[in-house]
Amino acid sequence: MMEVLGRIMCLAGAFFFLAGTVGLLRFPDSLSRLHALTKADNLGLGLVAVGLMLTSDSVLAAAKVGLIWIVAMISGSTICFLLGRSMLAGMRRRK
Amino acid sequence: MSMGLALDVLLIAALLLTSWRLLEASDLFQAIVLFISFGLFLSLVWLRLQAPDIALAEAAVGAGLAGVLLLGTFKGLEPDFRKKQEESKPCRLDRPGACPTRVHYLAALLGVLGLAGILTLAVLDLPRSANGLTELAVRAFEPGGIDHLVTAVLLDFRLYDTWLELAVLVLALLGVLGAGGRHSVRGLEPPWDPDPVLVWLVRLLIPVVFSAAVYLLLLGGHAPGGAFQAGVILASGLTLLWLAGYRSVTVLPRGLWYGLVICGFGSIEVLAIFASVHPETPVLGYPPGFSNPVILALESLATLSIGVVLATLTIETLGGRERTPHYSGKGDRP
Amino acid sequence: MDLFYLGLAAFMLLTMLVGMIRVFRGPEPEDRLSAMQLFGTTGVAVLLLLAAAFNSPALRNTALIFALLAVLAVVAFVRAPARKSDSDQGEKP
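Residue numbers (the numbering used here), protein chains in the order written: chain A, 1 to 95; chain B, 1 to 334; chain C, 1 to 93.
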């Protein structure tokens with residue numbers, strides 16, 4: 001039961017990674033491409049991580065996956081903020 | 001298993017695509033980003049080749065420190081990333097006269113074909129079912145030493161390889177410091193304004209980074225990990241502190257800094273001398289009965305050394321400014 | 001179960017390959033860095049899936065390292081000071 005639920009979440013996560021990549025390629029503007037990136041970062045990795053935590057056989061492994069997810073969220077959100085700020089500064093300078 | 005094969009084919013395609021576009025990139029920044037991505041893919045490849053130690057090191061260096069070094073250097077060469085290439089340079093080298101001609105391409109092609117031919121012959125020549133050096137390694141495996149065979153090989157047989165790697169790192173540091181015209185980085189401070197976002201990031205991540213370094217160091221005895229990986233992670237943490245505006249390595253008093261730089265190399269040197277004069281210790285070996293504590297101690301010192309050396313190297317490359325004396329209160333008196 | 005995780009990992013690797021187009025095209029340097037950041041996160045996901053497929057803690061440790069050190073390159077890009085200090089003054093920390 002957990003196994004099936006875990007796999008469904010992994011599949012959903014993979015879908016969001018695909019969506020993020022498609023967005024990165026197809027969105028017209030730097031800032032909107034960043035928006036697509038954050039979907040993959042948060043939802044994609046989050047669903048995959050939760051899915052794997054559900055199907056892992058040891059508590060230690062699940063805890064490690066959880067830690068990795070949290071670290072990825074912290075660094076991912078910081079990176080996207082920094083990139084966004086840099087883009088804005090570039091746009092302002094070009095005016 | 002066909003899915004594994006599909007994975008490997010995709011990885012090979014990724015490596016080839018990245019390296020081809022890297023060499024053909026229209027500007028240097030694109031090449032840098034592709035180089036970092038190449039490091040990521042290469043790390044995955046090492047894992048597929050059953051070499052998790054190397055994968056860890058490649059992930060830490062290629063994805064982390066190499067990116068910082070390249071971007072920091074690039075920003076010094078070309079401060080405005082957005083400057084479009086005015087004239088399309090036919091080759092990626094700076095001087096247009098150095099572009100390769102048809103003769104060069106022909107020579108390169110012959111060289112590649114020749115090397116491929118020799119390698120193919122060598123592989124065909126190998127005995128069909130050999131285990132390589134595994135038997136020799138297992139036979140010489142000292143009981144009660146390190147559990148993990150790869151680390152055991154790295155330490156028992158190649159401790160002196162680590163020793164010389166440390167020497168190379170120190171020499172590289174001397175080179176970088178010399179290029180900057182400095183004896184040490186003491187007293188430098190980060191040349192940027194404080195940034196609350198990065199301070200927040202550092203507060204959350206640095207404990208994890210340092211814990212991960214210790215974890216990998218302790219893991220090295222029986223699982224993929226060890227001094228080099230732990231040292232690189234330590235250096236990454238110190239570099240992150242510097243990028244956030246903290247004076248990580250430059251706050252160390254000069255004597256302590258010298259000590260940390262040298263302790264990895266020096267301690268193994270002491271061991272080598274001890275092993276050659278002590279009657280019961282084999283040459284290039286450990287004092288019998290003490291191998292585990294000695295290995296742990298040496299690895300810890302090597303980790304500290306690698307961390308401090310790489311961090312200093314990176315900080316020097318990123319550049320710092322001399323500490324300005326701070327005036328207290330309003331008024332001009334120092 | 002093996003096959004499922006391996007298959008997903010291969011699929012994500014494929015998305016990484018497709019995402020490389022943004023590194024080649026993306027007019028702004030931040031676009032290329034966004035793509036690189038996506039590679040990093042996708043790489044973490046691939047490593048976690050492979051760790052589940054082969055039940056290997058070493059792979060999870062590598063995923064932890066990826067996740068931790070992904071920040072460094074972008075922070076270095078944003079922070080590296082311009083050597084010509086008179087052109088852009090005080091607008092990108």
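To be clear, the hints were calculated from the coordinates, so they are not data collected in a lab.
Glycine included, every Cβ here is placed at the ideal spot set by N, Cα and C.
Be aware that one or more of the hints could be misleading.
Okay, the calculated beta carbon distance ranges per label pair [said to hold, decoys possible]:
| # | chain 1 | residue 1 | chain 2 | residue 2 | range |
| --- | --- | --- | --- | --- | --- |
| 1 | A | R94 | B | L126 | 58 to 66 Å |
| 2 | B | Q50 | A | L31 | 41 to 49 Å |
| 3 | B | R203 | A | R92 | 45 to 53 Å |
| 4 | A | H35 | B | H183 | 21 to 29 Å |
| 5 | C | F24 | B | I273 | 50 to 58 Å |
| 6 | C | N55 | B | L296 | 51 to 59 Å |
| 7 | B | D27 | A | H35 | 20 to 28 Å |
| 8 | B | V199 | A | F27 | 26 to 34 Å |
| 9 | A | D29 | B | A122 | 32 to 40 Å |
| 10 | B | L218 | A | E3 | 29 to 37 Å |
| 11 | B | L296 | A | I70 | 41 to 49 Å |
No more than 20 Å apart at the CA atoms, straight line, and that leaves these computed lysine to aspartate or glutamate pairs for EDC-like [stated by the list, open to error]:
| # | chain 1 | residue 1 | chain 2 | residue 2 |
| --- | --- | --- | --- | --- |
| 12 | A | K64 | A | E3 |
| 13 | A | K95 | C | D2 |
| 14 | A | K39 | A | D29 |
| 15 | A | K64 | B | D53 |
| 16 | A | K95 | A | D29 |
Comparing the hints with the structure gives:
no.: 1; hint: R94/A to L126/B: 58 to 66 Å; verdict: holds, 60 Å
no.: 2; hint: Q50/B to L31/A: 41 to 49 Å; verdict: holds, 42 Å
no.: 3; hint: R203/B to R92/A: 45 to 53 Å; verdict: violated, 29 Å
no.: 4; hint: H35/A to H183/B: 21 to 29 Å; verdict: violated, 48 Å
no.: 5; hint: F24/C to I273/B: 50 to 58 Å; verdict: holds, 54 Å
no.: 6; hint: N55/C to L296/B: 51 to 59 Å; verdict: violated, 28 Å
no.: 7; hint: D27/B to H35/A: 20 to 28 Å; verdict: holds, 26 Å
no.: 8; hint: V199/B to F27/A: 26 to 34 Å; verdict: holds, 31 Å
no.: 9; hint: D29/A to A122/B: 32 to 40 Å; verdict: violated, 53 Å
no.: 10; hint: L218/B to E3/A: 29 to 37 Å; verdict: holds, 33 Å
no.: 11; hint: L296/B to I70/A: 41 to 49 Å; verdict: violated, 30 Å
no.: 12; hint: K64/A to E3/A; verdict: holds, 19 Å
no.: 13; hint: K95/A to D2/C; verdict: violated, 54 Å
no.: 14; hint: K39/A to D29/A; verdict: holds, 16 Å
no.: 15; hint: K64/A to D53/B; verdict: holds, 19 Å
no.: 16; hint: K95/A to D29/A; verdict: holds, 16 Å
In this structure, the earlier hints numbered 3, 4, 6, 9, 11 and 13 are contradicted, and the remaining ones agree with it.
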